[in-house]
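Heads up: the sequence lines are chains A and B, in that order.
Here the first sequence is numbered in the numbering used here, starting from 1 and rising by one per residue.
Here the second sequence is numbered in the numbering used here, starting from 1001 and rising by one per residue.
Just so you know, these hints were derived from the structure itself, not from any lab.
Check before you lean on any hint, since a few could be wrong.
As the list claims (entries may be wrong) - In the DSBU-like style, the derived pairs of lysine-lysine whose C-alpha atoms are separated by at most 30 Å in a straight line are:
| # | chain 1 | residue 1 | chain 2 | residue 2 |
| --- | --- | --- | --- | --- |
| 1 | A | K209 | A | K291 |
| 2 | A | K291 | A | K271 |
| 3 | A | K51 | B | K1178 |
| 4 | A | K82 | A | K271 |
| 5 | A | K82 | B | K1178 |
| 6 | A | K304 | A | K209 |
This one's a predicted model, so the numbers in the text were calculated from it and none came from an experiment.
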Amino acid sequence: MRASRLVSLVAGALLALTLTISVLLLRCIDTVRSGAPLEEVLYVSSPKVLKRMSLGYDGLLADIYWTRAVQYFGGKHHSGVKRYDLLAPLLEITTQLDPHLLVAYEYGANFLAPAPPLGAGMPERAIALQEFGIRNNPDDWHLYYNEGFVYYTELNDYAKAADAFARGARRPHAHPFLAVMAGRMAEHAGDLQMARMMWSTTYDTTRDKSVKANAAAHLRALQVDEDVTVLEQINNRYHQMTGRFAGSFGELASAGLLRGTPLDPLVHDYKLMPDGRVEVRHPDDLPFIQKGTPPDYTPPPVPKILPTD
Amino acid sequence: MSSRVFNIAFNTFREAVRDRVLYNLVAFALLMTGAAILVGQISIDIERLVVVNLGLTAVSLFGMVIAIFIGIGLVSKEIEKRFFGLAGTLIVNSVCMAVGVFAALFYVSRHFQSADGWVLVGLYFIILQFLIVTSLTLLFSSFSSPLLSAVFAFSLFVIGSFSEDLRGFASMTRGISKWLATAAAYLVPNFSALNVISSVAHQNPVSGQLIVYNTAYALFYATMALSGAVLIFERRNLK
């Protein structure tokens, strides 16, 4: 009895000791292998081979690859890295394993198309992904919308954007805005109203908080660009009337050119600069703005997207 | 006669329970709980898909392992009756797992949809796969060693998963190769037709015709393999 207890004690101690040592050794191995991070490796790059290897369980494998793509993009995006070499192959494998995984097309376009640091800067791969999605899910209007969106925002190819929206508008249950966007694209391709309509549609139709927050940030930026343009025009008119730029919005209001103090979309007042320019108070909180920043302003490496709520 | 079959089948089921076969349910429960909680945090918008895909894949793989490793130990005079006991064990196991899948589905979606009912069809097809694999395991174990029977059954499961490719290969060849490839494609069990996991995960309906044809196919195939096992076993006993 005593001997068996001794054996149990020794075995228990050995178990704890060897477990601790193996964990410590693994940590040492990790430091040695830090130059070759595992996430940079695609063990099997052919979707066809992977599909066969899955023995019919390709749906689960697609979920795993989709999670891997999300983790890959999130990790790179968080660390501010601008190269996303594995992103497109991961998304292509995911969608070939499960061509009906619609979420991979929607987010895939958002991950692939925008220029770094917001995305991988691969709009052509994003469009190829949407085309593959359309071939396999021809009735899903979101895919046409995603494709048109990439053509519009990243490639400025308004004719192809209009074509994608028009094709999407013919799908059953398509969002009514697709037909409107297809029609207006040729006429108003580059104007603010068109961009506002695009981002509003994204804001209204997405179910994801991060995509919604991104759309809201773009809508705020469009509002600021429009506000700054109008306010600078008013200030120029004041300059023509008085020979100097206004020192405050009160002066513009007193001159009958403005009603009250204008506020930016985050409810902060704008700044009137001595040279007649108009600036926002907190440019870091308003990513994507084209106007209203100080001349020497450098945006943060990763845009600050505020949550929608 | 029927009560004898029932008794043997029931005892086989009790043997399986005594052998702690149903312990795999604990691993399955942990898997489903972990997946349901974890996936929402590390991925985007696929919680429901993962629960169905992972759940049905686990039901299928756990069941295949049970079918093969219990099946190879069932060589005795009542081979065809014990088949029902093992099939019963697999059905009970699968039903318990299905409860787990639906519990996890409810956890991630907070409600059920009518389209979730197609998951039951996916599960039913998996049970049909078990019938075929169990009968094949019994066939192989009637003339070879347990280890080889397991290897043969698993190999046939893999080949059966490629049966559509085999048919595609047959259509590309000519002459005797075409005949041989076509014969092989029709002889191996067609597991790909019985795998609708991805489809039901996307809430796509399964046609009634496919359910009827798959049911008939699985029953006829399993009966064919069992008959072969009985024939071989009877001949062996005569020696």
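Going through the hints against the structure:
Pair hint A/K209 plus A/K291 holds up; C-alpha atoms about 26 Å apart against a cutoff of 30 Å. Only pairs whose Cα atoms come within 30 Å are accepted, and A/K291 paired with A/K271 is accepted, the gap being roughly 13 Å. Straight-line distance between C-alpha atoms of A/K51 and B/K1178 comes to about 25 Å, which keeps the hinted pair within the 30 Å bound. At roughly 33 Å between alpha-carbon atoms, A/K82 and A/K271 are farther apart than 30 Å, so this suggested pair is violated.
Straight-line distance between C-alpha atoms of A/K82 and B/K1178 comes to about 52 Å, which puts the hinted pair past the 30 Å bound. Our distance criterion of 30 Å between C-alpha atoms is met by A/K304 and A/K209, whose separation comes to about 15 Å.
Of the numbered hints listed earlier, those contradicted by the structure are 4 and 5.
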